[in-house]
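Trainee: For the record, the sequence lines run as chains A and B.
If you read the first sequence in my numbering, its first letter stands for residue 1, the second for the next number, and so on.
If you read the second sequence in my numbering, its first letter stands for residue 1, the second for the next number, and so on.
Hint data in this document are derived by calculation from the structure and do not stem from the laboratory.
Computed from a prediction, not measured in an experiment: that's the story for all the values here.
It cannot be assumed that every hint is accurate.
[What the hints assert, rightly or not] The calculated lysine-lysine pairs, modelled on DSSO-like cross-linking and capped at a C-alpha distance of 27 Å, are:
| id | chain 1 | residue 1 | chain 2 | residue 2 |
| --- | --- | --- | --- | --- |
| 1 | A | K246 | B | K50 |
| 2 | B | K263 | A | K258 |
| 3 | A | K81 | A | K3 |
| 4 | A | K169 | B | K263 |
| 5 | A | K246 | A | K258 |
[Claimed, not checked] Footprint (simulated), chain A over chain B, 3 or more residues, beta carbon under 8 Å:
| id | segment |
| --- | --- |
| 6 | 134-146 |
| 7 | 205-214 |
| 8 | 239-251 |
| 9 | 266-274 |
A virtual CB, placed ideally from N, CA and C, is assigned to each residue, including glycine.
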Amino acid sequence: MLKLERVTKVYKVGTFGGKELTAVRDVSFELQPGEVVSLIGESGSGKTTVGKMILRLTPITGGAITFDGVDVSRLKRGRVKGYYRQVQGVFQDPFSSYNPIFKADRVFSMLRGAYFRQLSSAEWERKLHASIEAVSLDPAQVLHKYPHQLSGGQLQRLLIARALLLDIKYLVADEIISMLDASTRIDVLNLLGDLKARGLGVLFITHDLSLGHYISDRTMILRKGVVVELGPTASVFGNPQHRYTKLLLDSVPQLHTKWNGDGVLESYAVADDEAGVNGGSPALVEVEPGHFFAAEES
Amino acid sequence: MSVKVDNLRVYYRTLRGDVQAVDGVSFAVADGEIMGLAGESGCGKSTLGKSLIRMDSRMRRVDGSVRLDDAELPIDDTRAMNKHRFKDVSIVPQYAMSALTPTRKVGKIIQELLESRGVRFAMIRPELERRLSLVGLSHDVLGMYPIELSGGMKQRTVMVLSTLLNPALLIADEITSALDVSSQKAVAETLVEFRDRGYVKSMIVITHDLAILYQVADTILVMYAGKLAEKAPAEVIIDSPLHPYTQLLISSLPEVGVTYEEKRLTGIPGRPPPLLNPPTGCRFRDRCPFAFDKCVDEPPFVEVEPNHSVACWKVF
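The shape of chain A in the complex, shown without the other chains:
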C-alpha cells in the first residue's frame, strides 16, 4: 500500500529563494493495489508535485510517504532501486520523454543495464516482447525505430511497457493522455483499466473530469494544493459536496447537454473566484462512507 500522510511541499521562489510557495498542503490518501485513483485539479493545483514526490523526483517538506510501511523519503541508495522496481511513473509529453537522437527502444536497454544484467539475451528478448504485447503493440513494428517514426500513442504505450518490465505494483500516470489525439487516447486509457484488473494500483493525474470519471474507482479533487473532496468516483460526481467540485462539474463541456445559460460576467466571476482559498487546510468531513469533503468556514 502506498500511503501519503499530511504531505506538504513548500517551494523556495524569488531571488535567492527568499519567498515561499506552498504547492501542496497536508495531502493524505492511500493507494491500494488494483485500484485507480484520479487526482483531478486545474493548473497550479499541485497535482504534478504530488506525483513527483511519490516518485522521489522532488523531496517532501513535511509529512510522510510510506510504501508498505517503509518511509520512502529516507530510503538509502540500494533500497531506492528496489522501490523503483515497484513504483514507476509515466509523464505527459511522450515526445520529450525520449531522446530523439537514439532509437526509442533505448529506454529498454537502459533498464536492462540497471536491473536485468543477469538475464541472457534470449530471456530478455522474451520478457521484452511479452511486455510490449501486454500494451497491445506489435514488437516488430515498434522496436528499432526512432521516436519520430512512432505515434504519440505508441510512444506512451512503450513507456508503460517499460514500467511493466519491472513487476511494478504502482504506476503514477501524470497526464499521460492529454497530448494524444482523441481517436487514440481512449486505447491508452483502456490499457490502464486492463492493468488495474491485473492488480496494478494507478494514480491517474489529470485535469479532465470525464477521463477521470471513465477510469477511476476513487476521485480526489485538488485545489491550490489542498484536497477539497475525496471519495468513490460515483459519489463525488453524483453527489458533489464542495462548492469547487460543483463548479468544475458545471463547467465541463458535455457532448449532449448544453451549458446552463449563465451570462459571461457570471462565468468570469466563477472562474476568478478565490473564495475558500486561504492559508489553512480545512478539516475533511465524511458525508457518505469513504466520501470526504473540506467543509468551508461560512
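Here the structure of chain A is known, so what remains is to put chain B in place on it, guided by the hints.
Mentor: This is chain B only, laid out in the frame that chain A set:
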C-alpha cells in the same frame, strides 16, 4: 454570404516535396454564424485558419479563392492583406500569454496597434472600456504590464483587442485548449456574446475539442488529413453523424457519466496518412471499418441532406 472559401489548396514547401495540408476545401460561413472547425492534430485545421489571415513563408496557395463580403481576399499577398487584417479579418491566437509585448503597458499596445490602422485611440477608448467591463476586467488593466495579469485575464484582453474594430471574420485558433475548465467556459461564452452583440460578424472556431464546439458553434466542419469529411449543424454532427470518421471519433470520447466498467469505449486503430505524397482515394480508407472497393476513388463532398454535407461513398 459573408465568407466563402472555394476549392482552397494550401501546401507547405519542403525539401522533400509539398505537404498537402489543405487540399481542396470549400465552405461558406454566413453572417452571424459561428462555424466550428474540428479535427485531430495534423489534419490541416490550423493551416486553414492561418491561410485566411497570414500565410507564413513556407505556405503556398496552389489553388482556390477566399471571398469576404463579395470581395476577394489576397491571402497569399502579405502586403495586400495588411489592409484587411484586424479590420476585416482578425485572429485570437492560442497562446494569448505570449501575444502581448512584455515591455509595453497593455493600453500602449492597444494604442499603437490602433494607430497603425489609422484609428485614434481616444475615439475608441470609451468603447474599449465598455468591452473590458463586459468580460469582467476593470479598465485599470490598460495601465498594467502583461506580467501583472493572469493567463485568463490576458486571454480576455486579447479577445477584446482582436475584436475592437468589429471584424467581419474572427478566427479563434485553439483558444480554450490551454485554459482551465472554469475559464474555458467563460471564454467560450464570450465568443457567443461577441457574436450576439455584433462585434464580430462571422467566426471560425478551430479546436480539437468537439464538446466545446457543441456548446458554442452553429455548424461544425470536420476535417481529416487535409480534406473535408463532414459539415452539418452542431446538433446533427454530434447526434447523427454520417461520416464513419465522425461517428468513430464521437463514440471514442468519454463523457462525465461514462465509466470503463459499464461501457468500454474504443479508439480508431491506425493513424492518419502522411500529407507528403498522401494516398489516392478516400484518405480515411485504411482506418475505416466500412471501406469497400469504391473507396479507392476519392469521394466528392456532397450535400446529402439540407445543410448536411459529407464525403463518403457509403452515404451516397
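Trainee: A separate judgement is required for each hint: does it hold in the structure or not?
Mentor: Evaluated hints:
1. With a C-alpha separation of about 37 Å, the suggested pair A/K246 and B/K50 falls outside the 27 Å cut-off, and the hint is violated.
2. This hinted pair checks out: B/K263 and A/K258 have alpha carbons roughly 22 Å apart, not beyond 27 Å.
3. For the suggested pair A/K81 and A/K3, the alpha carbons sit about 19 Å apart, so the restraint of at most 27 Å is met.
4. Distance restraint check for A/K169 and B/K263: the Cα-Cα separation of roughly 26 Å lies within the 27 Å cut-off, and the hinted pair is therefore satisfied.
5. With a C-alpha separation of about 16 Å, the suggested pairing of A/K246 with A/K258 holds against the 27 Å cut-off.
6. Evaluation of the coverage hint for the segment 134-146 of chain B: fulfilled, as 3 residues show C-beta separations to chain A shorter than 8 Å, against a requirement of three.
7. With a cut-off of 8 Å between beta carbons, the segment 205-214 of chain B has 6 residues touching chain A; three or more are needed, and the interface restraint holds.
8. With 4 residues carrying a beta carbon less than 8 Å from a beta carbon of chain A, the segment 239-251 of chain B meets the three-residue requirement, and the given coverage holds.
9. Given as covered by chain A, the segment 266-274 of chain B passes the check, having 4 residues with a CB less than 8 Å from a CB of that chain where 3 are the minimum.
In summary, the one numbered hint that this structure violates is 1.
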